[in-house]
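Q: What follows is each chain in one-letter form.
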Amino acid sequence: MSDGQRSGEDDPARASEGAVLLVEGLVRRFGDLTAVDGVGLRIEAGQTYGLLGPNGAGKTTTISMIAGLLPADAGTISVLGRPMGPREVEVKHHIGLVPQDLAIYPELTARENLAFFGRLQGMRGRQLIERIDEVLDLIALSDRADDATKDYSGGMKRRLNIAVGLIHRPALLILDEPTVGVDPQSRNAILRSVEALSGEGMAVLYTTHYMEEAARLCDRIGIIDSGRIRAEGTRSELITLIGGVDTIRLTGAGPVEESAEALRLLEAVDKVGVEGRCLTLTVHDAPTTVAQVVTTAARTGLALDEVEIVRPDLESVFLHLTGKALRD
Amino acid sequence: MRALWIMTFSDLRLNLRNRSVLLFALVIPASLMTVLSITYNTGEATGLTGSQSLSPVSVAAAVPEGDRLGTTLLTALTHLNDLDIDVELTSADRARALAGSGEADLALFVPEGFTDAVRAGRGPTVSTVRADGTGAEVELLLSVIGGTLEQFHDGALAARAATAGGVPAAELDQVALQAALREPSVAFLEGRTSSEQLSATGALVAGQAGLFLFFTVGFGVLALVSERETGTWTRLCSLPLRPWTIVASKALVSYVLGVASTGVLLTVGILLLDVDFGAPLPIALLVLCAVAAGTSLMFVVARLARTAEQANLFQTALAMILGLAGGAFFPLSVSGPLDAILDLNPVAAFSRGLGITSGGGGPTDLGAPVAILLGSAAVTAALSLLLPDRGRAT
Ligand SMILES: Nc1ncnc2c1ncn2[C@@H]1O[C@H](COP(=O)(O)OP(=O)(O)OP(=O)(O)O)[C@@H](O)[C@H]1O
Ligand SMILES: [Mg+2]
Numbered sequence: 000m001s002d003g004q005r006s007g008e009d010d011p012a013r014a015s016e017g018a019v020l021l022v023e024g025l026v027r028r029f030g031d032l033t034a035v036d037g038v039g040l041r042i043e044a045g046q047t048y049g050l051l052g053p054n055g056a057g058k059t060t061t062i063s064m065i066a067g068l069l070p071a072d073a074g075t076i077s078v079l080g081r082p083m084g085p086r087e088v089e090v091k092h093h094i095g096l097v098p099q100d101l102a103i104y105p106e107l108t109a110r111e112n113l114a115f116f117g118r119l120q121g122m123r124g125r126q127l128i129e130r131i132d133e134v135l136d137l138i139a140l141s142d143r144a145d146d147a148t149k150d151y152s153g154g155m156k157r158r159l160n161i162a163v164g165l166i167h168r169p170a171l172l173i174l175d176e177p178t179v180g181v182d183p184q185s186r187n188a189i190l191r192s193v194e195a196l197s198g199e200g201m202a203v204l205y206t207t208h209y210m211e212e213a214a215r216l217c218d219r220i221g222i223i224d225s226g227r228i229r230a231e232g233t234r235s236e237l238i239t240l241i242g243g244v245d246t247i248r249l250t251g252a253g254p255v256e257e258s259a260e261a262l263r264l265l266e267a268v269d270k271v272g273v274e275g276r277c278l279t280l281t282v283h284d285a286p287t288t289v290a291q292v293v294t295t296a297a298r299t300g301l302a303l304d305e306v307e308i309v310r311p312d313l314e315s316v317f318l319h320l321t322g323k324a325l326r327d
Numbered sequence: 000m001r002a003l004w005i006m007t008f009s010d011l012r013l014n015l016r017n018r019s020v021l022l023f024a025l026v027i028p029a030s031l032m033t034v035l036s037i038t039y040n041t042g043e044a045t046g047l048t049g050s051q052s053l054s055p056v057s058v059a060a061a062v063p064e065g066d067r068l069g070t071t072l073l074t075a076l077t078h079l080n081d082l083d084i085d086v087e088l089t090s091a092d093r094a095r096a097l098a099g100s101g102e103a104d105l106a107l108f109v110p111e112g113f114t115d116a117v118r119a120g121r122g123p124t125v126s127t128v129r130a131d132g133t134g135a136e137v138e139l140l141l142s143v144i145g146g147t148l149e150q151f152h153d154g155a156l157a158a159r160a161a162t163a164g165g166v167p168a169a170e171l172d173q174v175a176l177q178a179a180l181r182e183p184s185v186a187f188l189e190g191r192t193s194s195e196q197l198s199a200t201g202a203l204v205a206g207q208a209g210l211f212l213f214f215t216v217g218f219g220v221l222a223l224v225s226e227r228e229t230g231t232w233t234r235l236c237s238l239p240l241r242p243w244t245i246v247a248s249k250a251l252v253s254y255v256l257g258v259a260s261t262g263v264l265l266t267v268g269i270l271l272l273d274v275d276f277g278a279p280l281p282i283a284l285l286v287l288c289a290v291a292a293g294t295s296l297m298f299v300v301a302r303l304a305r306t307a308e309q310a311n312l313f314q315t316a317l318a319m320i321l322g323l324a325g326g327a328f329f330p331l332s333v334s335g336p337l338d339a340i341l342d343l344n345p346v347a348a349f350s351r352g353l354g355i356t357s358g359g360g361g362p363t364d365l366g367a368p369v370a371i372l373l374g375s376a377a378v379t380a381a382l383s384l385l386l387p388d389r390g391r392a393t
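Chains as they are written, first to last, in numbering that gives the first Met the number 0: chain A, 0 to 327; chain B, 0 to 393.
Excised from the complex, chain B in its bound form:
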């Protein structure tokens, strides 16, 4: 036990002496947060603090004459509870012009033969053009459209299966309409409202803190790789220590650095950028879980990397991918199965958790993000045990 503290303390001291830790864990992310939040906020404030503040959206829609599902889609949109949508049916060119001039927030194009394509089970392709400077309402609308199209597709498949080939048009419309009216809005609200509680700046701060967490935790665990290069790994193995002690100390270093830097970054967000993340206790819970996920993932990197340089490359790639997908630079909205996959991203789960806390959620409301973070920690830890150690000399 004493050896564990000696190693952890020594590594922490080395890390604090080493300026790149301060740079990566604090200076760069804090600067990025500030710069990005200034960029985002120079336009109109796009913060969403609840469904009440959603402003009306105007849609210019081009739908082929008599296309049943195209019409159904529009009907579904106008029936949304949370959004006030004004739909104007027009030609494709005019719709484009309206969106271009900003008179309409969104232009929607339903292609020729849309209904037949859906019936045939081909993926429906509906394109949209978004006017410049539109806010989160359009974001919301886009994901509703995405969800509705998804439902059309599923409905068509279900109906095709049920009738073994011949799909009566009326039945399909029925299925589609029902699905469109009920499901997307419900699914949408369930899956999203929580994260939408974060202001644009809040989402940025959360995303950046999440992204750089994956750099910071590298300073502990990835020392396992660099110590093979300095030769000290050999020496440590010759010391009267239980083998797990060395690994545990690196994990502890990662953990301490991760918690400290994430704590500081969120505090910077709260104090300097005016973000409200909610109560400290649930935030702390989230941070502890997120750092566990990050630390655990670094063990996988340590296993796969042959050299310290490789480890840094892997780590950077991972952090950037997770950060981007987790909305560290801009909000990312996709729907359907991809969305479910993106939700498993620890950075996204962390942001989502902070959305819940900022909306007043307590520890008990954090079930999903905490489960994702701890689950990912467990899975990556197990993976690191199973993977062969590619950098080992003998």
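So here's chain A without its partners, still in its complex pose:
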């Protein structure tokens, strides 16, 4: 879990420098069960951090402590350099929580829900009205904004649930499995809005047990199981960690052996196997290598029919680390 960005950890002031969220040694017990066992993480502005773990891993418990809903038994949490806990009031202004379970008033319309929570965040007037429109637009609910939310579909409710969490432009947005049980269209809308938000500079903490989501959204991923973070890093780092390598498969007509020779000379390529018209290359990071590979193959006169990239996924990382599958 080496991480160059965490070199300043010994000095708390310096460690939190630039970090929107800094969590260290977080512990929470329920009776005999240690639901969260020494979790640490750091998220910077514009970064999306994924907490990837199966049911009961301790994701919601971790988030509840960060959002100040639950006291921690040990550990520290700081948001924008300020300590965070259930009794802190001011710091909560900087956090937007999207709970795992829906948290909206069914009798109110989307606009009313947003206005209510926006006001409680201290917003008012034009600024609030404009922000409500902006957020409704982001989650694609503008056309149903004035209907009572009890008549919404499950996916629409989930989208509104997210909108409420970001109405006040928090520095840190915490989303707890926001896509569970939604239709593909809503799911896509949700993922797109999270991408847009991190593009705006929000720090995002995103829990999920869908590895595709973690892979698509997250700059860094922490793999959590039984309350502990088993590994952390970028997607590639995690895959490298388990010795995983990418494979590029080229199929084409022409001087196959000659191409193989030329490809072997490339620094990014580990191994090249030849089997009929098919070349199988072992590389470290396929997306950054593929262009070079294709150009080299073309230069040697290979006419490509097909290029295929095969990557080990986070599922295999998870399996490797914990000995179990992400989903039952």
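Treat the hints with care, since some could be wrong.
Said to hold, decoys possible - So the derived list for chain B, only partly shown, Cβ under 8 Å to chain A, looks like this: (1) A2; (2) S9; (3) R234; (4) S237; (5) L238; (6) P239; (7) R241; (8) R305.
Treat the hints as calculated values from the structure; they're not laboratory data.
Glycine is no exception: its CB is placed at the ideal position from the N, C-alpha and C atoms.
Once you have looked at the hints, place chain B with the ligands on chain A.
A: Chain B with the ligands in isolation, oriented as in the chain A frame:
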């Protein structure tokens, strides 16, 4: 502070949109009041507006030959100042027949061996049969009888204690008679005249308003329980609010709804059912105190209930028990220690307070009911703080 108003206002708006509030706080109680008052008033008007209007009561009494305390009881009744009582000594069968035919208002049966039973310290059991259609005078008489029997019992116990076992008959009679002649009428008049100032309809309106108050206040505080179910509780806890703000806003919602609905119900009573509750200021004081008691009690319910459905059940049970015991459906008269307990019931205290105001009492005359209402508010508030929160998820 701003957050408190935002939450209170939003909840109030939601409540007004929600038809069940209007239904429970206004429509149902107002209809019930009207229906009940019509039912009660189709017979003879039973309103008591003062001791002057009490009409004579005839009692047919069956007392065993030579039963000293039985005779003492009758003597005590005929000596009552406020009631004109005509006692006819007769056999048990005839007494029953007289009450059955309505010739006597009340039949009174003193059992064989009554005096000995009292002396032995066993509870005296005297039964009565009330003629149909009798009014508040009989009500009054019954509670006097109850009080007298109570005194017999206490007197016997005291005398037994004093003489360490052997109770001279004469002494017991003396104690009993003294007690019977003095105490019950005094205690009775002190404890009761005020509430008897309310007409039958007035008592109904007061009782119904009191009962439904316990439904109405639920719409504020019990939202604490339902918000756990909608998940909004979690969200509220994540907002930059001081923790007391959420609870205070729910209390405020209950309070506002309670005051508004009770105000409307009493006004309906005054304007449509012709009830005279007295001056507005002391009435307002009573309403404010009663709503405080109701709101506070809801916090106990919110603590005990795991789900919103459970909360509603608890609340309904509480409201019905307090309402029944407070005379929301029919006048309830018991005497002795039970009466003292019933007097602590906020609905009863509210009705009693309205009895005082309707008799012309001002704020300073409302000491007892106000103390009971505020006391109950304080006790239940403290209780809600001490009780574990059964519905909390974590
Ligand atoms: N209030 C509680 N009381 C007792 N145990 C709890 C409580 N909350 C959580 N737990 C336990 O702590 C562990 C972690 O739960 P948590 O909800 O954090 O998991 P999660 O990763 O969010 O799972 P999921 O993907 O199902 O949401 C579980 O074993 C759970 O049963
Ligand atoms: Mg969870």
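Q: Against each hint, give a clear statement of whether it holds in the structure.
A: How the hints compare with the structure:
The criterion of a C-beta within 8 Å of any C-beta in chain A is met by A2 (chain B), whose closest approach is roughly 6 Å, and the hint holds. The closest approach between the C-beta of S9 (chain B) and any C-beta of chain A is roughly 5 Å, which is under the 8 Å cut-off, so the hint is satisfied. Hint on R234 (chain B) holds. Least Cβ distance to chain A is approximately 4 Å, under the 8 Å limit. Below 8 Å, beta-carbon pairs count as interface contacts, and S237 (chain B) has one with chain A at about 4 Å; its hint therefore holds.
The interface hint given for L238 (chain B) holds, since its Cβ lies 5 Å from the closest Cβ of chain A, which is under the 8 Å cut-off. Using the Cβ-Cβ criterion of 8 Å, the hint placing P239 (chain B) at the interface with chain A is satisfied: the shortest such distance is roughly 4 Å. Taking 8 Å as the C-beta contact cut-off toward chain A, the hint placing R241 (chain B) at the interface holds, the least distance being around 6 Å. The beta carbon of R305 (chain B) is not positioned within 8 Å of any beta carbon in chain A (closest approach about 17 Å), and the interface hint is therefore violated.
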